[in-house]
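*Asks:* Each chain, written out:
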Amino acid sequence: MSLEKYEAVIGLEVHAQLMTASKMFCRCPNQYGSSPNTNVCPVCTGQPGALPVINKKAMELGVRAAIALNCEIHPESVFARKNYFYPDLPKGYQISQYEKPFCTQGYVVVQLKTGEEKRIGITRIHFEEDAGKSNHEAYGTLVNLNRAGVPLCEIVSEPDMRTAHEAGQYLRALHSILRYADICDGNMEEGNFRCDANISVRPIGTEKFGTKVELKNINSFKFVEKAIEYEVQRQVFAIENGEKIIQQTRSWNSAKNVTEVMREKEQAHDYRYFPEPDLPKLVFSSSWLDKIKKEMPELPQQTSARFKAAFDLSDYDASVLTSSKELAKYFESVVSHSKNGKASANWVMNELLGRLNAVGKEIDLSPVSSTQLAELIAKIDSGEISGKIAKTVFEEMFATSKDASSIIKDKGLVQISDPAALENVIRKVIESNPSQLAEYKAGKVKLLGFFVGQAMKETKGQANPALLNELVKKFLDS
Amino acid sequence: MLSREEVLKIAKLARLTLTEDEIGFYQKQLTRVLDHIQDLNQVLTNKEAFVQHVPVDAEPFREDVAVPFANHDGLMKNAPAVENNCFLLPAIMEQN
Amino acid sequence: MEFGTLSIQQLLSGYQKKEFKPSEVAASFLKNISDKNEKLNAFLQVRPDETLSQARALDEKMSQVEMLPLFGIPVAIKDNFLVQGWQATAGSKVLSGYLSPYTATSVERLQSMGAVIVGKVNCDEFAMGSSNENSAFGPVRNPWALDRVPGGSSGGSSAAVAAGLATVSLGTDTGGSIRQPASLCGLVGLKPSYGRVSRYGIVSYASSLDQVGPFSRTVWDSARVLEVMAGHDGMDATSAKRAVPRFTEELKAPAKKAFTLGVSRSWLEGVDPDVAKAFDSAIEFFKKMGGKVVEIDLPHTKYALSTYYLIAPSEASSNLARYDGVHYGYRTQSAKTSEELYSKSRGEGIGREVKLRIMLGTYALSAGYYDAFYLKANQVRRKIQEDFEKAFTQCDFVVSPTSPSTAFKLGEKTDDPLKMYLSDIFTLPVNLAGLPGLSVPCGLDSNNLPIGFQMIGKPFGESELFAAAHQYEQIRGEFPVADMAKGRG
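Protein chains in written order, with our numbering: chain A, 147 to 624; chain B, 10 to 105; chain C, 4 to 492.
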């Protein structure tokens, strides 16, 4: 196998649905899950005489994306019609942007496994409207136009990625940025963040691109890297076997873990793009652009820098805690209640994320809320429970979603800090171990640990360790 | 003269089924109009890529407020076929 | 009493004096329509109960005449407007039976100001044509001579008013479709500036050229309809956000009385002698009123036909892609694949001339031809605009005959598309330049057929157009009406 003699050339096209209240060109609600054809009107069903009017918020979100992705914004751009026939495209054309998109030439910096950073170029971002949905049943095709006209940004990368891992990291970075800036909710299951990949391979050291294959609709992070990795291997094997790569569109079959042909290079589409005559050219005033810049929400890198400074975190910790907007928010909430940055970071990263990972849950579905975790941390800091007991309590919290205080109370896990109570225990331990006492008295002071351990065992670990240590010593020495 | 194949290619792109008679008819008519249109080549023009026809004081933007359309029934009533409140296309042998 | 030949002004005055009520007027129009439409084929749909109930509701509001500028005025609407509750076929089989789910902004504004809709009227299919012979529902005949065409594409709108079956009507004008039929039927026809009236709810033909406008007997009536329906509409991103003058108020005391008319003689070569004579005599009227005539140069208007027949079909090829049998309209019964469903529904449902233009536009936009055809045409379009901009530094209006000939016989120009297209050589450049154009009757030819005088104004210069045309109208005197409009039957 000669995979190492080749390199992959990967470019991604991402369709991100914009978080608006209404659709791109009409006032219908931009809402998922409504019953079929209820979020529709004359405009988005392509009735005769209906005309598009631009949703200003959608433009604002697009500009935000352009800023977040370091793009050059064009104050004048043009909407264009892409003409093709499909049942879920009621006008017979999609309003998009073609020759003059509203922004070009941006980039995203991604972290690689090696710890290095890589800059992935963004060719362009343009606005377009989504199509409806066709369901193919045995008795016919059902068309639901609720999604038709929903606002999208298409983000096209440069073919800058060389491995499936890079592509995965690019996609994660993009996803995180769009969510941080409240541009796109990133929900892949509902199709609000969709990705197509263009993949080719070439012998390392050559400049010329190989024949590219388009991988369509990879709708989960889990599959992106798998699918690309598979496709790269498939292409290398084919070339090594003397086969030619055919330009085609393929899709990922997640049941079989293979890519499959969707269609062969189609009769070259002729979309007959031309400027949308129902809309004037799209003009962004500089004052409006300035206003959007000023009101930009915080981006992941900014949040990370802020965390490092405020809570004295390492680069690594900060990058983990800002890897998603929800996690960063969760962490900030924990800190604000616990008032202990370092401990909060440790608990979130080591205990909570570890447990969540084990059960395959995201932070927004955590059974332990941020205030609950903060309460637990505060109880350690106040001495109410020991760190060790806290871990037991946390397990219980994770399993039952109960508050720390009620678990501690129900199970009697409160730390014993009452000297009188501890003295009784210590007296008992000393009395039942006369020979060890004699050895201690004879000078084997190491045995202090033995007596502390026995006493701790008696209290089921609930004794305040510092106080216990002090009292045992006092008793032995008296 | 535009060839028969050219006419058929355009008709396919435009999704228009033509009868035999129509193919010959449009060969002639399209050719007649296209010949006339050649006179534009005599005009020296600026190379602008986009010519605006909309008045400068047009207002292309609207605020992002969702207002549901009240007459869904009116939309669905015009549909040639409906199933589960979806537009229905008959079962077909192949997808495009 | 006979209402068919009265103007808006005359009807309003009768209502004010309580001489008659809206329901009497509406009933009279409905009766005339049912008597005369068979000969004309102007009306495609009437809903007598609906019309009468609208009119009766106004009977109860006789005290509000002054507050409703179109109180009880019978209006006919071209069948490419959507009016909720009414059909909208745009003259095409592909939209046969289509019921409008909403109402066009222009119509909504007329209705809210008291207008009563008497019916939907015939037109060339998708407003493509100059004779109304391209309608899937048969040709319309000219009330002045039943063997002749009423012009097109708004032939039903012009025939209805000329025959006294509506006081005013609405049409659309993409390359002359209001002004040319107004000229051929002896009416005032206005194409407003692009962006003056909302296009929301009119079946799009060529988005960058389409405008809504009125047919009327008088300039005052035209001004009244325009002032009601003009103005920015949040549903049309190309409609201008600028104040609409009170046009009829302005007519009481025009700001200017002597106008300079621009004439380009080379543009006017080849018009019928009778038309040329009537045109020259109209100019003489303006001179008598103290006006001046200057020779202007419009070097690119000779390319207007080619420019138009690339831009309009290109936009149309896309605008008409929605008629594919999926969501509404005609669907073929014999499709075996989705591709066949589109192609056959469209092939069977769309008529000959419309298919020609769709194919022309598809070709002009297709890969490899875009720059040479569509883009080039838009660049020439800019040149035509510049010609007018330059001309308006020398004159207040550019004037021409509206049409090179008077009403021609049915079938006379149906063989050769170019012969038909040439009917619009004086009107096409006005749409390409986005300017307001008004056709006002200026004489009759030797066959007793009306001739129209076209006045082209500066962008959004409707006020001046109305002022000058109104002045001309008063000196010209009352224009004859078609015999058919006189009396019943």
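Since the hints were made in silico from the structure, they are not lab data. By construction, the Cβ of each residue, glycine as well, lies at the ideal position given by its N, Cα and C atoms. Where hints are given, some of them may not hold.
Unchecked claim - A few chain C residues facing chain A, derived, Cβ under 8 Å:
(1) S211
(2) Y345
(3) S369
(4) A370
*Asks:* Run every hint past the structure and note whether it holds.
*Replies:* Tested hints:
| no. | hint | in the structure |
| --- | --- | --- |
| 1 | S211 | holds, 4 Å |
| 2 | Y345 | holds, 5 Å |
| 3 | S369 | holds, 5 Å |
| 4 | A370 | holds, 5 Å |
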